[in-house]
Amino acid sequence: FTLTQPHSVSESPGKTVTISCTRDSGNIDSYYVQWSQQRPGGSPTTVIYQDSLRPSGVADRFSGSIDSSSNSASLTISGLRTEDEADYYCQSYDSNTWVFGGGTKLTVL
Amino acid sequence: QVQLMQSGAEVTKPGASIRVSCRASGYTFTGFFLYWVRQAPGQGLEWMGRLNPTSGDTTYAQRFQGRVSMTRDTSISTAYMDLSGLRSDDTAVYYCATEMDYNAYWGQGTRVTVSS
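Chains as they are written, first to last, in my numbering: chain A, -5 to 103; chain B, 2 to 117.
Wrong hints could be hidden among the right ones.
Said to hold, decoys possible - Ranges of calculated distance between the beta carbons of each label pair, as one might list FRET restraints: (1) A/Asp54 to B/Ser56: 48 to 54 Å; (2) A/Thr91 to B/Asp90: 16 to 22 Å; (3) B/Ala17 to A/Thr10: 44 to 50 Å; (4) A/Ser24 to B/Thr60: 28 to 34 Å; (5) A/Thr39 to B/Ser18: 28 to 34 Å; (6) B/Thr13 to A/Arg33: 23 to 29 Å.
As the list claims (entries may be wrong) - Stretch by stretch, here's where chain B covers chain A in the computed footprint (C-beta under 8 Å, at least three residues): (7) 33 to 41; (8) 91 to 98.
Claimed, not checked - Quick partial rundown of chain A residues pointing at chain B, CB under 10 Å, derived from the structure: (9) Asn21; (10) Tyr25; (11) Gln28; (12) Ser30; (13) Leu47; (14) Tyr87.
I should point out that these hints are in silico values taken from the structure, not numbers from a laboratory. For every residue, glycine included, the Cβ atom is placed at its ideal position computed from N, Cα and C.
Generate the whole structure from the sequences, applying the supplied hints.
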């Protein structure tokens, strides 16, 4: 299966943005979905795991959800800051393998 | 805290092989799978495979079958990823990662450049 994300999104500081991740076959709730943030030149870091949990140290401005009706996962970032500008990847599982979405470039302008 | 420290950047020629290492600290190395992911310039993340540090068992992405080998040395909590038959399109940053309760921790990445 594949996970499809928008190529890019942009929003202003202080606003809220939602990034979608749509699974094309099989159920989105079959396996957990994770979201990673990758700033330019950096390694990915997890911002959401197990669909909606935040690792220690991740701001509560980040939230994740699953929508079975649209077979998609979403990452919502509220109170946008310039430091949130990064690439965001959703990731799920196909048996023993990791499956990544293509990534979404978030621009905060 | 969980840390994954990778070996340094490499420049190599087409047809050669590379070995990237990943030294784990801050957790029980044999308690969690170790994954390898790569990212070509300007591209997204690509899963290469995973290693069970306890048993040494591996699962590889089909496109790397026959070219990749993932091994470990539990005495020094280090995993290795060997990739052979390098081509220019293997130029990428290679990451190791581990996962605890589906929360992933990543190494700093190793840049590999394949150029004649």
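Right, here's what the structure says about each hint:
1. A hinted range of 48 to 54 Å is violated for the C-beta pair A/Asp54 and B/Ser56, which are about 39 Å apart.
2. Between A/Thr91 and B/Asp90 the beta carbons are some 21 Å apart, a value that agrees with the proposed interval 16 to 22 Å.
3. For B/Ala17 and A/Thr10, the Cβ-Cβ distance of about 48 Å falls inside the hinted range of 44 to 50 Å, so the restraint holds.
4. Remark: the range hint 28 to 34 Å for A/Ser24 to B/Thr60 is contradicted by a beta-carbon distance near 18 Å.
5. As the Cβ distance of A/Thr39 to B/Ser18 is approximately 30 Å, the hint placing it in 28 to 34 Å holds.
6. At roughly 28 Å, the beta-carbon separation of B/Thr13 and A/Arg33 lies within the given 23 to 29 Å, and the hint holds.
7. Against chain B, the region 33 to 41 of chain A contributes 4 residues with a C-beta closer than 8 Å to a partner C-beta. That satisfies the three-residue criterion, and the hint holds.
8. A count of 7 residues in the region 91 to 98 of chain A with a Cβ less than 8 Å from any Cβ of chain B is obtained; the coverage claim is therefore met, three being the minimum.
9. A cut of 10 Å between beta carbons decides the hint on A/Asn21: the least distance to chain B is about 17 Å, and the hint is violated.
10. The beta carbon of A/Tyr25 comes within 9 Å of a beta carbon in chain B, closer than 10 Å, and the hint placing it at the interface holds.
11. Checking A/Gln28 against chain B by beta carbon gives a least distance of about 6 Å; that is within 10 Å, so the hint holds.
12. Checking A/Ser30 against chain B: minimum C-beta separation of about 7 Å stays under 10 Å; hint holds.
13. Nearest Cβ of chain B to the Cβ of A/Leu47: about 8 Å, under the 10 Å cut. The hint holds.
14. Contact between A/Tyr87 and chain B, as hinted, is supported at the beta carbon level, the nearest pair being about 9 Å apart and thus within 10 Å.
Hint compliance for this structure: hints 1, 4 and 9 are not met, and every other hint is.
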